[in-house]
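S.K.: Sequence:
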Amino acid sequence: MKKQIVLITGCSSGIGFDTAIELKKRGHKVIASCRKEEDRVKLEGLGIDVLILDVSDSSSIQKAFSEVMELTNGHLDVLINNAGYGQAGALEDISREVLREQFETNVFGLHELSTLAIPVMRQQKYGRIINVSSILGIISMPMRGAYNASKYAVEGLSDTLRLELKPSGIDVITIEPGPIESRFRDNCVDGSLKKIDIKDSFFHQQYEVMLSTFKQAKKNSTFTKSTEAVVTKIIHAIESRKPRSKYPVTFPAHLFIFLKRILCTSMLDRIFSQISRKEMSGQK
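Numbering (our numbering), first residue to last: 1 to 284.
Quick caveat, the hints were computed from the structure, so don't treat them as lab data.
Don't take each hint at face value.
[Said to hold, decoys possible] Below 27 Å or equal to it, Euclidean Cα-Cα: the simulated DSS-like pairs (lysine-lysine) are:
id	residue 1	residue 2
1	K246	K2
2	K42	K63
3	K246	K125
4	K25	K2
5	K63	K36
6	K29	K42
[What the hints assert, rightly or not] What follows is a set of in silico ranges between Cβ atoms, one per label pair, in the way DEER data are often shown:
id	residue 1	residue 2	range
7	T72	E239	15 to 23 Å
8	F251	E67	35 to 43 Å
9	E92	G191	13 to 21 Å
10	G47	K260	39 to 47 Å
Ideal Cβ positions, reconstructed from N, Cα and C, are used throughout, including at glycine.
Given these sequences and hints, build the entire structure.
M.R.: Here is the structure:
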């Protein structure tokens, strides 16, 4: 197995953290990135090279990528665009500024970092760009509109880049997780809802459920998998001679992709509306 140089964004916890640890164990040269100094110290304590990188800040992206090139003598085999967060809330409660913040992190940072990596990989005549998307970039659910839109954009960027870069020997791969155990969901609810006027919203009751029973119900779901399920797919995307273009993760992801292929829009709307009503009622 060829040992590869891998840059991963969003490694403070969850998928990014566990991916960095596992890839290092497998002998790859891992460069992890995070936004906070305490997370950098934690990762360095595990023997991993770490950079401070805020993907919502263009100057931070440029500086960090220059540091990567210095560390690797100008080489980069794999870029894993994992950094992101979920902005919860009804779309009518999402301001233009809040929507822009969602796209700065989940879309614009991913795009800018990819454009820096592409010339390096093209010169090598080899490279893989792995974008961590979501099943919510394929199907839409209520109260997640900003996140839905950002992940739909990631899917569109990935599909286009895959076509444009194939002649250059660069593979573009999307990972499409369903429900995964991590701090992502807690941060989504606790953090992003602070940007919304919950008290005066038409959806006030739904927000109260999200702040109480919603997180626990999701954690206890039989369909929620550990981050290992995602890490396993990422490893295959890196190490396989012929990686797949898309890797759905968890049973709901496979199921919803299948349903979207065979059902009409009205049927899908009824299914997802029913799931949302059950979810917002606090039921498991």
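S.K.: Go ahead and decide if the range 15 to 23 Å is satisfied by the Cβ distance of T72 to E239.
M.R.: 19 Å, holds
S.K.: Taking 35 to 43 Å as the stated bounds, is the beta-carbon spacing between F251 and E67 within them?
M.R.: With Cβ atoms ~40 Å apart, the hint holds.
S.K.: Kindly confirm whether 13 to 21 Å is satisfied by the beta carbon distance between E92 and G191.
M.R.: 20 Å, holds
S.K.: K246 and K2: Cα distance at most 27 Å?
M.R.: Status holds; Cα separation ~22 Å.
S.K.: Could you grab the alpha-carbon distance between K63 and K36 and see if it respects the 27 Å cut-off?
M.R.: 16 Å, holds
S.K.: Is it true that the CA of K42 sits at most 27 Å from the CA of K63?
M.R.: 21 Å, holds
S.K.: Between G47 and K260, does the beta-carbon spacing fit 39 to 47 Å?
M.R.: With Cβ atoms ~42 Å apart, the hint holds.
S.K.: Taking 27 Å as the top limit, are the C-alpha atoms of K29 and K42 close enough?
M.R.: Holds, at about 18 Å.
S.K.: Verify the proposed pairing of K25 with K2, using a straight-line Cα cut of 27 Å.
M.R.: 14 Å, holds
S.K.: Holds or violated: are the alpha carbons of K246 and K125 at most 27 Å from each other?
M.R.: 22 Å, holds
Against the hints set out earlier in the document, no violation occurs for any number.
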